[in-house]
Amino acid sequence: MTLINSSYNWYALYTRSRYEKKLHQDLLKRGVEAYLPLKTEKKKWSDRVKVVEEPLLRGYVFVKVSNREYFDVVNNPGAVCYVSFDGKAAAIPENQIDALRLFVDHFNDNINVTRERISKGDIVKVKDGLLKGVHGEVVEIRGAKRIVLRFNNLGYCIHTDISLDEVEFTEKRDNE
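If you use numbering that gives the first Met the number 0, the sequence shown closes out at 175, no skipped numbers anywhere.
Bear in mind the hints are in silico, worked out from the structure with no lab data behind them. One thing to keep in mind: the hints can contain errors.
Said to hold, decoys possible - Taking lysine to aspartate or glutamate pairs in the DMTMM-like style, the calculated list, with each CA pair at most 25 Å apart, reads:
hint	residue 1	residue 2
1	Lys-38	Asp-85
2	Lys-49	Asp-127
3	Lys-41	Glu-165
4	Lys-42	Glu-170
5	Lys-38	Glu-170
6	Lys-20	Glu-52
7	Lys-131	Glu-93
8	Lys-42	Glu-167
9	Lys-41	Asp-104
10	Lys-28	Glu-93
11	Lys-43	Glu-170
12	Lys-124	Glu-139
13	Lys-131	Asp-97
14	Lys-28	Glu-68
15	Lys-43	Glu-53
16	Lys-21	Asp-127
17	Lys-124	Glu-170
18	Lys-42	Glu-93
19	Lys-63	Asp-97
20	Lys-49	Asp-104
21	Lys-126	Asp-104
22	Lys-124	Asp-164
23	Lys-28	Asp-46
24	Lys-38	Asp-25
25	Lys-124	Asp-160
Since we're looking at a predicted model, the values are computed, not measured.
Input sequences plus hints: build the corresponding full structure.
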């Protein structure tokens, strides 16, 4: 007789597009321990500004399941699949989920997530503000969303701390 492993592990679950909140609620209703980190953002329309909660990591919900619930969870209509490596769902250590919760709870206003791979030496163009249209070189990366730029084409070497939202990439440094 084989016993089913009943130990619980955290996993990242890919969701359908813009389905994170719905899947999270469905899982909680089913009694599954689930975590959806949310970031508070101000959305601006032409006539108003509204504070909304958006998923910090689009397309993901974290679930704590045993082998017993493993397939039931992924068979939910909002779920796509588990995040896997070498064909096996990657378990996430409990302390990493705890750290993510702590970070979201205490630093929600300062959290920015990007998939943009930036490197020192990349050339960017400022999209907004006083330096709009000016090209600069990334000289330092400060967290996930802030960079320090050097502006040589102004005739001086000027450094500024700027958000990634304010720039667009024009030339990627070849890192190979």
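Do the hints match the structure? See the list:
Among the hinted pairs, Lys-38 with Asp-85 is inconsistent with the structure: their alpha-carbon atoms are about 31 Å apart, more than 25 Å. Using a Cα cut-off of 25 Å, the hinted pair Lys-49 and Asp-127 holds, with the two alpha carbons roughly 22 Å apart. With a C-alpha separation of about 17 Å, the suggested pair Lys-41 and Glu-165 falls inside the 25 Å cut-off, and the hint holds. The suggested pairing of Lys-42 with Glu-170 is violated, with an alpha-carbon distance near 30 Å, which exceeds 25 Å.
For the given pair, Lys-38 sits about 31 Å from Glu-170 by alpha-carbon distance, which is inconsistent with the 25 Å threshold. For a cut-off of 25 Å, the pair hint linking Lys-20 to Glu-52 stands: about 10 Å separates their Cα positions. Taking the CA atoms of Lys-131 and Glu-93, the gap is near 44 Å; set against the 25 Å cutoff, the hint is violated. In summary, the hint linking Lys-42 to Glu-167 is supported, as the alpha carbons are separated by about 21 Å, within the 25 Å threshold.
Of the supplied pair hints, the one linking Lys-41 and Asp-104 holds, its CA atoms being roughly 17 Å apart against a limit of 25 Å. A distance of roughly 22 Å separates the Cα atoms of Lys-28 and Glu-93; the hinted pair therefore holds under the 25 Å criterion. A distance of roughly 31 Å separates the Cα atoms of Lys-43 and Glu-170; the hinted pair therefore is violated under the 25 Å criterion. This hinted pair checks out: Lys-124 and Glu-139 have alpha carbons roughly 16 Å apart, not beyond 25 Å.
A hinted pair counts as satisfied when its Cα atoms are at most 25 Å apart, and Lys-131 with Asp-97 does not qualify at roughly 40 Å. A C-alpha spacing of about 14 Å is found between Lys-28 and Glu-68, which places the hinted pair at or below 25 Å, so the restraint holds. At roughly 14 Å between alpha-carbon atoms, Lys-43 and Glu-53 fall within 25 Å of each other, so this suggested pair holds. Restraint check for Lys-21 and Asp-127: the C-alpha separation of about 35 Å exceeds 25 Å, so the hint is violated.
Simply put, Lys-124 and Glu-170 have alpha-carbon atoms about 9 Å apart, close enough for the 25 Å limit, and the pair holds. Of the pairs offered as hints, the one joining Lys-42 and Glu-93 is violated, with about 33 Å between alpha carbons and a cut-off of 25 Å exceeded. For the given pair, Lys-63 sits about 12 Å from Asp-97 by alpha-carbon distance, which is consistent with the 25 Å threshold. Between Lys-49 and Asp-104 the alpha-carbon distance is near 20 Å, which keeps this suggested pair within the 25 Å criterion.
Note on Lys-126 and Asp-104: the hinted pairing is violated, with a Cα-Cα distance of about 31 Å set against a maximum of 25 Å. With a C-alpha separation of about 11 Å, the suggested pair Lys-124 and Asp-164 falls inside the 25 Å cut-off, and the hint holds. Between Lys-28 and Asp-46, the direct Cα distance comes to roughly 36 Å. Violation of the 25 Å bound is thereby established for this hinted pair. About 20 Å separates the Cα atoms of Lys-38 and Asp-25, which keeps this hinted pair within 25 Å; it holds.
For the hint pairing Lys-124 with Asp-160, the CA-to-CA distance comes to about 14 Å; that is within 25 Å, so the pair holds.
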